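Participant: Here are the chains, one letter per residue:
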Amino acid sequence: MQKERKISLQAQHHQLSRTSKQLAVLEEINQQSFTDRLEKIDRFPLKPTAIDIFQVNMGKMCNQVCKHCHVDAGPDRKEIMTRETMQWCLDALDRSNISTVDLTGGAPEMNPDFRWFVEELSGRGKQVIVRCNLTIILANKKYHDLPEFFRKHKVEVVSSLPHFSARRTDAQRGEGVFEKSIQALQMLNKVGYGQPDSDLKLNLVYNPSGAFLPPDQLGLESEFKRKLRDGFNIEFNELYAITNLPISRFLDYLVVSGNYEDYMQKLVDAFNPTAADGVMCRNTISVGWDGYLYDCDFNQMLDLKLNGGSPDHIKDFDAEVLSKREIILNNHCYGCTAGAGSSCGGTVVNE
Amino acid sequence: MEKTYYDPKDLKKFGNISELQPELGKKFFDYYGDVFKEGALTQREKSLIALAVSHAVQCPYCIDAYTSDSLEKGADETQMMEAIHVAAAIKSGALLVHGVQMMNKIDDLTM
Chain A
1 MQKERKISLQ AQHHQLSRTS KQLAVLEEIN QQSFTDRLEK IDRFPLKPTA IDIFQVNMGK
61 MCNQVCKHCH VDAGPDRKEI MTRETMQWCL DALDRSNIST VDLTGGAPEM NPDFRWFVEE
121 LSGRGKQVIV RCNLTIILAN KKYHDLPEFF RKHKVEVVSS LPHFSARRTD AQRGEGVFEK
181 SIQALQMLNK VGYGQPDSDL KLNLVYNPSG AFLPPDQLGL ESEFKRKLRD GFNIEFNELY
241 AITNLPISRF LDYLVVSGNY EDYMQKLVDA FNPTAADGVM CRNTISVGWD GYLYDCDFNQ
301 MLDLKLNGGS PDHIKDFDAE VLSKREIILN NHCYGCTAGA GSSCGGTVVN E
Chain B
1 MEKTYYDPKD LKKFGNISEL QPELGKKFFD YYGDVFKEGA LTQREKSLIA LAVSHAVQCP
61 YCIDAYTSDS LEKGADETQM MEAIHVAAAI KSGALLVHGV QMMNKIDDLT M
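Note that the protein sequences, when read in sequence, are chains A and B.
Note that the working numbering has the first sequence beginning at 1, numbered continuously upward.
Note that the working numbering has the second sequence beginning at 1, numbered continuously upward.
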């Protein structure tokens, strides 16, 4: 087991904190490139279907330093979205008919303008999703009322809980995270989240705590429900099983642990053309903390800006032009097409 | 000549056994694939059985394969360790139950 880190790769001046180095490692695979693979099945260039989800990365600051984080987020990261950029996001949304806004980070709640932004979105009738790491709710007194704030604005809460055992969760997310996550889930349940007769959605995210692929989503959901209900009296709606992509800290883990080659082989062997049809970049646009636009949060973290010719900053957002762009691909994309596929909403193929 | 009898890379070449006897190789792999499909037992239960048997037959390739497979089928470390304790109990029980045979022979040979 690797020693627990308390600082980001960037703060360590680690070579993999540079996206050019990450891309060089991703180029090194012995298998067919992802682009060639798509060409072979006549899916290249990959084009969007529409823009249904507007995903906003509100900053890289986080109270946790998870070992698998593709954002390399942590308390030492200072990149944060300004209110001015949020206003540009609102202006862009006002010019489109996108109904779902997915807020992520870092811990998005640590952005000082987070609540203002949620209120503005909610006032416009948008369906707001917050990717909440759970422990933020207990991290400081000023966050204790987040469950109530979420309830008020009918925010859909999506939270990571890699496993129903403390050992597996803490190994990935840090010591004591499991216990705090359980407390936070109970607080969310208390205001009505995840309850069978409630419209307040609480969805959990499972991702493997190591160099292996996620199991069948539905089977795992039943087990999570049983274990969390019996052990902690916790209710939730759906479980999303997400594959770890070989980016940033998870890439570092793969390289250091000697699992990189085998993991990439595993992803390539599990390539599923049906999953390729349903990848999230086809219906999502991702906005970086500084307003730049990307095909997905992973491309954002690899600094793979939108294809030349498309508007690449939120100030110039044009849904019609963007929906005709070519999606930027690289070998990390094998992570979204393995097995039943993987997206921010879990698997993409219903088997 | 190889310096060791086992090479982890050989696991990926398992399918190559069909090269010298395609017909039987195909029958074996078809059967193998069918055995591990979801049935009266779940895929996870089958994977845990395979993990335990891998230890009993002391096959390093199988231990490698079914450790990964058990994790990917959603098993946790406690379940996996319990599974190999089941194999260990049967292995040691199988040895110890032969003690009865030894005791019978002792009775035959001693006054």
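Misleading hints may appear alongside valid ones.
[What the hints assert, rightly or not] So, partial list: chain A residues that the calculated Cβ filter (under 10 Å) puts toward chain B: (1) 32; (2) 33; (3) 45; (4) 48; (5) 50; (6) 167; (7) 176; (8) 208; (9) 212; (10) 220; (11) 223; (12) 237; (13) 241.
Calculated from the structure, these hints are not laboratory results.
Quantities reported herein were computed from a predicted structural model and do not represent experimental measurements.
Ideal placement from N, C-alpha and C gives every residue a C-beta, glycine not left out.
Participant: Can you verify the interface hint for residue 48 (chain A): is its Cβ closer than 10 Å to any Cβ in chain B?
Facilitator: Violated, about 31 Å.
Participant: Quick one, is the residue 167 (chain A) hint okay against chain B at 10 Å, beta carbons?
Facilitator: holds (7 Å)
Participant: Holds or violated: is the Cβ of residue 33 (chain A) closer than 10 Å to a Cβ in chain B?
Facilitator: With a closest approach of 20 Å, the residue 33 (chain A) hint is violated.
Participant: Return the status of the interface hint for residue 212 (chain A): holds when the least beta-carbon distance to chain B is below 10 Å, violated otherwise.
Facilitator: holds (5 Å)
Participant: Can residue 176 (chain A) be said to touch chain B, with a Cβ gap under 10 Å?
Facilitator: violated (19 Å)
Participant: Checking hints one by one. Is residue 45 (chain A) an interface residue toward chain B, by the C-beta closer than 10 Å rule?
Facilitator: Since the shortest Cβ distance to chain B is 32 Å, the answer is violated.
Participant: Does the CB of residue 241 (chain A) sit less than 10 Å away from some CB of chain B?
Facilitator: Given a least distance of 9 Å, the restraint on residue 241 (chain A) holds.
Participant: How about residue 208 (chain A): closest beta carbon in chain B under 10 Å, or not?
Facilitator: holds (7 Å)
Participant: Quick check on residue 50 (chain A) please, does its C-beta sit within 10 Å of some C-beta on chain B?
Facilitator: Hint on residue 50 (chain A): violated, closest Cβ of chain B at ~33 Å, above 10 Å.
Participant: Checking hints one by one. Is residue 223 (chain A) an interface residue toward chain B, by the C-beta closer than 10 Å rule?
Facilitator: holds (7 Å)
Participant: Under 10 Å, Cβ to Cβ, is where residue 32 (chain A) needs to be relative to chain B, so tell me if that hint holds or is violated.
Facilitator: violated (16 Å)
Participant: Would the stated hint for residue 237 (chain A) survive a check requiring a Cβ distance to chain B of less than 10 Å?
Facilitator: violated (19 Å)
Consistency with the previously given hints fails for numbers 1, 2, 3, 4, 5, 7 and 12, ordered from lowest to highest.
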